[in-house]
Amino acid sequence: MTQWVVELRDVQKTYQTGQVGVPALRDIGLRVAAGEFLAIAGPSGSGKTTLLNIIGGLDQADSGEVWVAGKNIRRLSAGALARLRLQRLGFVFQAYNLLPVLTALENAEFTLLLQGVPARRRREKVQKLFSEIGLAGLEDRRPAQLSGGQQQRVAVARAMITEPALILADEPTANLDSATAVALLDVMEQLNQTHGTTFVFSTHDPRVMERARRLIRLRDGQVVSDEKPHQSDGLTRQYGATS
Amino acid sequence: MAEVVFLAKLGWRNLWRHSRRTLLTALAFGLGLALLLISLGLLDGDHEQRIANRTRLVAGHVVVQAQGYQDTLSQKLLLSSRVVTATAESLKVGTLHPALGGVSPRLIASGLLSSAANASGVSILGVIPEKEKAFFLIPHRIVEGSYLDDEKATGIVIGAELARKLKVRVGSKVVLMAQAVRQSDAAAANDSGGELQSTLLRVVGIFRTGMLVVDMYVVHLPLAATQTLLGVPNQVTQVAIFLERESDSPIVARHLRSQLTGVPVEILTWQESLERMAQMIWLEDLFNNVIGGILLVMVGLGVLNTMLMAVLERRYELGVCAALGLRPGQLAGMIMCESLALGLISIAFGLVLGLGVHYHFATTGLDLRWFFDTDLRAVQSVFDPILYSRLSLARITGSVGIVFLMGIVISFYPAFKAARTELPNALRVL
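Protein sequences appear in the order of chains A and B.
Everything in the first sequence is counted per this note's numbering, starting at 1 for the first residue and increasing by one.
Everything in the second sequence is counted per this note's numbering, starting at 1001 for the first residue and increasing by one.
Since the hints were made in silico from the structure, they are not lab data.
A virtual CB, placed ideally from N, CA and C, is assigned to each residue, including glycine.
You may find that some hints are simply not true.
As the list claims (entries may be wrong) - If we take Cβ atoms under 8 Å as the criterion, some of the chain B residues that face chain A in the derived model are:
hint, residue
1, G1101
2, P1424
3, L1427
Bound-form chain A, shown alone (with noise of 0.2 Å):
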């Protein structure tokens, strides 16, 4: 039986504007498998970020079920959210979004150490992470002293360093150059191949959409199709938008 990291049934999003009600998403059914490296893609205001908030417990749809690593979030307590955050989910962001007055290393272990792991098992699992996505030696750098393409993967690697079975990722090469973002891209496929982490992206950049196993197109709030380029790959079997 397939197992869902992501369950979305009927999910309805309206963003008020003053007294006007602008929809995000409409009636978004999908379903995500453990393992998958699916993107959103769409315009500007098609909705990829609402439904990215939504599926990380970010933000809170208005209708429908959001079901997430085996949890209904929509009846979580904020508490119980955060915790479901910390230990199943990991953030990529646009503007990568590290504490500027941490290093590199105490970027990435910060969710451990919130998790309480012990500092030695930390350190261990940053310094074999930072190795494994060509950031060995960059340990006690600050954001600011670091590129931008190793800032993000700085970035990723504090979404993995807890394995967490979904890794949302909201537009992560938008910032990047070109070889940067495939740089990045490389070590996000890597990832998802080595570890089976489940990515999501959001993007409109067509690298990550080449490079995604499936892909979901939406438009005014809406699925308007779910591609899957790369049928070969083997991770990807199981899955399907149920709208």
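Position chain B against the provided structure of chain A, taking the given hints into account.
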């Protein structure tokens, strides 16, 4: 624990992202503490000097006198030598002895002092010169001649204002007239006063305390001569007790009350015998605390503003922390750690500055003659022109505690704001 240390580290580093702002804020808050310490030091120093001067001028830290004397000031209310001895013996009992400075019996009466030129009503203090010299102020304020001693049995010491009025100086003869306390049988029968007695004395010393009422009306003469004049051999009005520490007064008074049960005496601490001054000091303390409180609140509002700014400008960052799984309590804790660190830096600043200035004023003193050049004769207190700052450890820890507590209270609102970081709104700032 590791989490708390990490949040504290994060708070500390965040503090130094804007080092100039942090330093200025800490300096402002520290200045508040420093001003509080300086003002408390000067006020406590002033109080200590005033209490010391007044107790050395009047009746010591604790006074034992006949029941009812405090209210009536009747010179008929006297203590026998037995009570004086019992008082001195009581003070040797138990653990009080180290706190004791000394004991001085005194006989107080009113009289009329006349010279060839003039006459004036006076307050007569019959004293034992050696004890008076050891504990009381007037022997140390002699400006002409010398104080009484055992060889000057007919000597009298008077104030400078009185000397001016009577047109006398050291060596001049004066006549002291007083109503005898011991009545003749006829006088006792109709309850009239004792007979008028007079004695010829020679001025041996003139003092100036700077307190008009003392310099004009107080005269000192040997206890034996006073007892003879008033016809009350071996009797005194009061026993003045001096202590090493003024704060021991209530303990000593309590001890004496327990020891002298059944004896018709009243035992008063200086706060009770000098009630007006004690109340004045209490009021001044209160007023200073109110002013200090207002000062700290004003500075505190500045700190609150800084902390709030720090939270609001890091709204996005707090949003990221929340998104990563930091719970509201942890977000608040992070800000409180930051605020706490700022408070500790402020306290360090305040202590260095406040104690530095206090040390200067405690050793060199604040010369009040910089501010005025007239004496304050009308002030109902002996006035020292150089004010020495005094700060007890309790005052320092109390002030630091208040500032620390205030730092914590101030951090509540910014911490609350941080805890209320709303997702995903906080992540929409950029």
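Each hint tested on the structure:
Violation of the interface hint for G1101 (chain B) is found here, the shortest Cβ-Cβ separation to chain A being roughly 59 Å, above the 8 Å cut-off. Residue-level restraint check for P1424 (chain B) holds (minimum Cβ-Cβ distance to chain A is 4 Å; threshold 8 Å). Taken as an interface hint, L1427 (chain B) checks out: its beta carbon lies about 7 Å from the nearest beta carbon of chain A, inside 8 Å.
Checked against the numbered hints given earlier, the structure breaks only hint 1 and satisfies all the rest.
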